[in-house]
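Peer 1: Just so we're aligned: the sequence shown equals residues 1 to 360 in this note's numbering.
No lab work stands behind these hints: they were computed from the structure. Just so you know, not all the hints are guaranteed correct.
[Stated by the list, open to error] Restricting the straight-line Cα-Cα distance to at most 16 Å, the calculated cross-link-like pairs of lysine to aspartate or glutamate (EDC-like) are:
1. 214 to 232
2. 260 to 115
3. 201 to 235
4. 226 to 44
5. 55 to 81
6. 287 to 31
7. 201 to 170
8. 36 to 232
[Stated by the list, open to error] Simulated restraints, written as ranges between beta carbons of each label pair:
9. 163 to 277: 33 to 41 Å
10. 58 to 355: 18 to 26 Å
11. 120 to 271: 38 to 46 Å
12. 51 to 212: 17 to 25 Å
13. 288 to 254: 29 to 37 Å
14. 264 to 82: 42 to 50 Å
15. 120 to 284: 27 to 35 Å
16. 356 to 165: 25 to 33 Å
17. 212 to 293: 37 to 45 Å
18. 282 to 351: 50 to 58 Å
Predicted, not measured: the structure shown is a model, and the values here were computed from it. Cβ atoms here follow ideal geometry from the backbone N, Cα and C, with glycine treated the same way.
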Amino acid sequence: MKIYIIWIVLFISHLYATETDNYTYSDIDLEDSKEKINSIFNDDLDDIVFDLNVKLGGRFKDFTSISDTQIELSLSGIYLEKLGKDPFFHPYEECINHGVCRGVKIERILIRPNESIFSKYNPVATTFVASTINMCGVRFGVDKISHLLMDAFAFYNATKDKRFNISKEDVLKYSDALESGGYGTKFTGVYSYSDIEANRKGVDLFYDLFSGQKNYLVRDKKGRLKINKKVDLCDYVDKKFDERIEKSKLGDTSKSPAVKAAIDLATQDAEYRTKFFSQKQKDEFKKSILKRKYNEDLRKFNPLKVIEFAGMYLSDYSNSNIKRKGYHIMLAPLFNPILNNPFVGLEYRNPSNIQREIED
Numbered sequence: 001m002k003i004y005i006i007w008i009v010l011f012i013s014h015l016y017a018t019e020t021d022n023y024t025y026s027d028i029d030l031e032d033s034k035e036k037i038n039s040i041f042n043d044d045l046d047d048i049v050f051d052l053n054v055k056l057g058g059r060f061k062d063f064t065s066i067s068d069t070q071i072e073l074s075l076s077g078i079y080l081e082k083l084g085k086d087p088f089f090h091p092y093e094e095c096i097n098h099g100v101c102r103g104v105k106i107e108r109i110l111i112r113p114n115e116s117i118f119s120k121y122n123p124v125a126t127t128f129v130a131s132t133i134n135m136c137g138v139r140f141g142v143d144k145i146s147h148l149l150m151d152a153f154a155f156y157n158a159t160k161d162k163r164f165n166i167s168k169e170d171v172l173k174y175s176d177a178l179e180s181g182g183y184g185t186k187f188t189g190v191y192s193y194s195d196i197e198a199n200r201k202g203v204d205l206f207y208d209l210f211s212g213q214k215n216y217l218v219r220d221k222k223g224r225l226k227i228n229k230k231v232d233l234c235d236y237v238d239k240k241f242d243e244r245i246e247k248s249k250l251g252d253t254s255k256s257p258a259v260k261a262a263i264d265l266a267t268q269d270a271e272y273r274t275k276f277f278s279q280k281q282k283d284e285f286k287k288s289i290l291k292r293k294y295n296e297d298l299r300k301f302n303p304l305k306v307i308e309f310a311g312m313y314l315s316d317y318s319n320s321n322i323k324r325k326g327y328h329i330m331l332a333p334l335f336n337p338i339l340n341n342p343f344v345g346l347e348y349r350n351p352s353n354i355q356r357e358i359e360d
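Starting from the given sequences, assemble the full structure and let the hints guide the process.
Peer 2: Following this line, the structure appears as structure tokens:
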């Protein structure tokens, strides 16, 4: 029981945003942050590849003696060290919530709990609402970045891990299990189809990055890893990330009318400002929203209620129905990272195959 309480406390302390509200302030135009976020990601990838070559160069005299599998496992480890220290959300989600990533300003909308469409739904969904960004022409909650670059990274490795018999196609059913359980319906009360889509697209990204045909990474003639071309994250951002398009499902259907009423009100407010505000009023209103500081308001919630929802997850996790579906095989080692590090003992079923640099 003690380990469960510790898990709950740690879970709550890390979980700053889990759901998305793309309706509130939908009239506020946001700059497309694709160039900024792409640049940050590719800079990080450059650093990771550099660190990899330094690390392996200190262990091996001849890079050509290092297998592709060793290269990829080492690269995955460094990626995790740099961008996966927090098992619950990607560092880009945190810095975007604050409006500044690596010194670069990112326009985002922070929604206060009492403004959210979930304000009369449940205490968890009300408290934890991701900020909204515009990227690649798609408006979505920044929690999708964590799904794309963190959750999908775990899924990718799971599909290659000898300990599991999981295919790339299985990602959808395991994502369904998470959304039906403690990462969705049983915690926030919301089942997000957009989160599942972000997981799927993220797995595509990591297959392309490590073992795909796009040749983002190659090995040079000396065997070292190098960046062959920049990654464009827009190739993996889908319009389904917008939960106004790919609508979420509420676990508590008795409160669906309250959420629908909140959506209607937010939509009406946005339409009113669009129609009746002057350009100056629109600019001033946008400025007032964008200048909000993350956690400037004490996000008050009933901790007993949050623990109650977390407890539902823990009981659901051991539920025979979950076990009967076989979901527990991956849920335990991959998505209870505090209890079990999924990358300890990771060994690929099949050897990696990294492309070689084409010589002129």
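Peer 1: Indicate, hint by hint, whether the structure satisfies it.
Peer 2: Quick rundown of the hints versus the structure:
no.	hint	verdict
1	214 to 232	holds, 11 Å
2	260 to 115	holds, 14 Å
3	201 to 235	holds, 9 Å
4	226 to 44	holds, 13 Å
5	55 to 81	holds, 13 Å
6	287 to 31	holds, 13 Å
7	201 to 170	holds, 13 Å
8	36 to 232	holds, 11 Å
9	163 to 277: 33 to 41 Å	violated, 57 Å
10	58 to 355: 18 to 26 Å	holds, 25 Å
11	120 to 271: 38 to 46 Å	violated, 21 Å
12	51 to 212: 17 to 25 Å	holds, 22 Å
13	288 to 254: 29 to 37 Å	holds, 35 Å
14	264 to 82: 42 to 50 Å	holds, 43 Å
15	120 to 284: 27 to 35 Å	holds, 29 Å
16	356 to 165: 25 to 33 Å	holds, 31 Å
17	212 to 293: 37 to 45 Å	holds, 40 Å
18	282 to 351: 50 to 58 Å	holds, 57 Å
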